[in-house]
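Place chain U on chain D using the hints.
Protein chains: 2
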Amino acid sequence: MGRIVQKFGGTSVADIAHIRNAAGLVQAERERGNQVAVVVSAMAGVTNQLVGYCSEAAALYDAREYDSVVASGEQVTAGLMAMALQEAGVPARSWLGPQIPIRTNDVHGKARIVGIDSVELERRMDTGEVPVVAGFQGVSPTGRITTLGRGGSDTSAVALAAALKAERCDIYTDVDGVYTCDPRIVRGARKLHKITYEEMLEMASQGAKVLQTRSVEIAMNHRVRLQVLSSFDDGPGTLVVDEDEIVEQQVVSGIAYSRDEAKITLVKVPDKPGVAAAIFGPLSDAGVNVDMIVQNISEDGKSTDLTFTVSKAELKQAVRVLEGINGEIRFGQLRPDPNVVKISVIGVGMRSHAGVALRMFTALAENGINIQVISTSEIKISVLVDEKYTELAVRALHTAYGLDAT
Amino acid sequence: MGRIVQKFGGTSVADIAHIRNAAGLVQAERERGNQVAVVVSAMAGVTNQLVGYCSEAAALYDAREYDSVVASGEQVTAGLMAMALQEAGVPARSWLGPQIPIRTNDVHGKARIVGIDSVELERRMDTGEVPVVAGFQGVSPTGRITTLGRGGSDTSAVALAAALKAERCDIYTDVDGVYTCDPRIVRGARKLHKITYEEMLEMASQGAKVLQTRSVEIAMNHRVRLQVLSSFDDGPGTLVVDEDEIVEQQVVSGIAYSRDEAKITLVKVPDKPGVAAAIFGPLSDAGVNVDMIVQNISEDGKSTDLTFTVSKAELKQAVRVLEGINGEIRFGQLRPDPNVVKISVIGVGMRSHAGVALRMFTALAENGINIQVISTSEIKISVLVDEKYTELAVRALHTAYGLDAT
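Protein sequences appear in the order of chains D and U. Heads up: the first sequence runs through residues 1 to 406, numbered per our numbering. Heads up: the second sequence runs through residues 1 to 406, numbered per our numbering.
Any given hint could be a false lead.
[Said to hold, decoys possible] These stretches of chain D come out as covered by chain U in the derived footprint (C-beta under 8 Å, 3 or more residues): (1) 79-90; (2) 96-107; (3) 276-287.
[As the list claims (entries may be wrong)] Simulated restraints, written as ranges between beta carbons of each label pair: (4) U:Q317 to D:E122: 40 to 50 Å; (5) U:G24 to D:P273: 54 to 64 Å; (6) U:T127 to D:D106: 17 to 27 Å.
Keep in mind that the hints were calculated from the coordinates and are not lab data. Keep in mind it's a predicted model, so treat the numbers as computed, not measured. All C-beta atoms in this analysis are idealised placements derived from N, C-alpha and C, irrespective of residue type, glycine included.
The following block holds chain D by itself, in its conformation from the complex:
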């Protein structure tokens, strides 16, 4: 007998019929002899509605009040799920972040979990009770409700699984697993049976949007076996596991893309020590995250061209910051470009295989796609290309790495 954490996302608890369906999945897991803890998101659409109220109430709203308002969505689902379980004959009890407590830091709106006191939950699970935990929320050191950022219920579930030393954490969603690529774009995309934490982390942050990045980090650090699966059809999903659980590792596991990128080029930046810090410091202070960075010597040899990417949503803010510091930096020109897409080839296998990058560049060249920026990590190669090539590039790479279903 093991312990399983089951997490149900917004579409899996969209209304009472769906909640009842999810309760059936809990019951089934229990009948397989396992102890189950449940984590729930808000009903689909509810969080957006609550966030809308906040934006309407105040132009710059207080993050502490925002947290108290939006956390109510998960509170409702947790109570209803406990009722549905009881109705199905399963002893259940709902738990809010402050009740357990799930302790976080005090960074309201995107708090981090610092600890979960799971003793009482474990005691009750040992008696057969199913705790239904409101996801997305915790409690600050001063006793205020905190939330973990959008998608934070994944993180609640994984952190709870770690605290409970659960055998597995099942993330129920509206897709049935992680694919080699977005099936809406690549018809031959295949569901992966297993994927490593590292790959999933890249897939998630590259826009695959299946799991919150932070949840995968916690799973990796605490070696929590994750499963992504659908609450709407049977069958196994994708297991996110440690590398040594995967016997035959593919060189490339998947292709990800993100349209959420914008490119900024600073032309003729004076090439002197400290200039990068003078540019990226103020951006960081303004809360703008910079992703890919490349720097070339320009023709005159006295200045460089600096290109980097930010998220599309932060482009305006970034441009404003850069214009504000130009008196000091004195670059030649500022060229913002939102019409780009980042395409990534991901796979832990590329650590031990040469020629992976070459195959990518060749496939793109054969399709006449110009690469604007390249960035690499141990298990990933990302390129920035013109947004209009998104589908073409993704499909070409999916084929080039032999990922198409036969």
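Quick look at chain U alone, frame taken from chain D:
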């Protein structure tokens, strides 16, 4: 400088525009030099929606889970109101029942407040901060969220006013005060400037539905001056105060009616000791509240006819209970009748005035209205009549006691 508690009902916080309007009323009270604490209900319609979810999730839902689900409505409004106040330049912070805490007993769904720890709230009010308290909710001895029953936010507000030793508790609603009678029925109904706690208690429980009965009880016990007023138009409302604050007391202050009554007559009940207990005991055990009771000797002298009223919602349940015990009691016949209305004449002045009841009976007789049951208290005379006479009876009495506006 005094302390004022302002409570806003569901229609006064129905959307963000209304919440902003309410925040303006808080600001105005503050500018008059008072410290203000705010209590809010759920946005209009929200509680009904949440209750609907619960009924859908489980036929017989767990009251503890119900409380956790429905309490979320006030949580949302409290956060939004705090934001709206901050936006208007008023320092504010939302507070949930368990955060203050508002301690209650553990009778989920209709908990009673046992204490409010207001020290921290008072400390913050002294610095100029406005606490925005989620109404309707508290925390049980075991740390679970409790709710105080429908309309419970009134009770939250009055109990908070008592704890804060507030000068006044203003209940903002969608009517501008307490009337001599329901203005939808009696065109000449007048707004009362002042009414005693005792009268208000009778008005509330007789169906005037302006304030939760329990809130008036607490106000009376702690001598909290209440004001019922509208958040939609200016001008004073109705003050609910101690009797000695009212200099010139009317004999009758108002006429109330309740269509929520059903009559049950047991014909030929054996007239022996203990029979009343044998009937009302099982009803009470089944949670059926009995209101008016009359008992007559029947013609044969060996049995009595027993008539009493229950709420319409509990009529079926009452009939079932009575049929179940007939083998034991052996009454002749059971006659249920839902087509009745209870009409009450209310006034503390009737304590010192004779002839008040006579005027009621005369007015009804002159209009050909037959009285089925009579019950009296120190400050109230209630009669049960055929429901079809509701408007006629109420208007006749309003005129008979000289309450019509001139």
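State, for the Cβ atoms of U:G24 and D:P273, whether the hinted interval 54 to 64 Å holds or is violated.
About 56 Å separates the Cβ atoms of U:G24 and D:P273, which means 54 to 64 Å holds.
If you look at each residue in the segment 96-107 of chain D, do at least three have a Cβ nearer than 8 Å to any Cβ of chain U?
n = 3 at 8 Å, threshold three: holds.
Consistency of beta-carbon spacing, D:D106 to U:T127, with hint 17 to 27 Å
holds (20 Å)
Status of the given 40 to 50 Å range, CB of D:E122 versus CB of U:Q317
Because 42 Å falls inside the window, the suggested range holds.
Establish whether the coverage given for the segment 276-287 of chain D by chain U is satisfied; the threshold is a Cβ-Cβ distance below 8 Å, and no fewer than three residues must meet it.
This one is violated; 0 residues, fewer than the three required, reach chain U with a Cβ under 8 Å.
Chain U over the segment 79-90 of chain D, status - at least 3 residues with CB closer than 8 Å:
holds (count 7)
Violation of the numbered hints given earlier is confined to hint 3; every other hint is satisfied by the structure.
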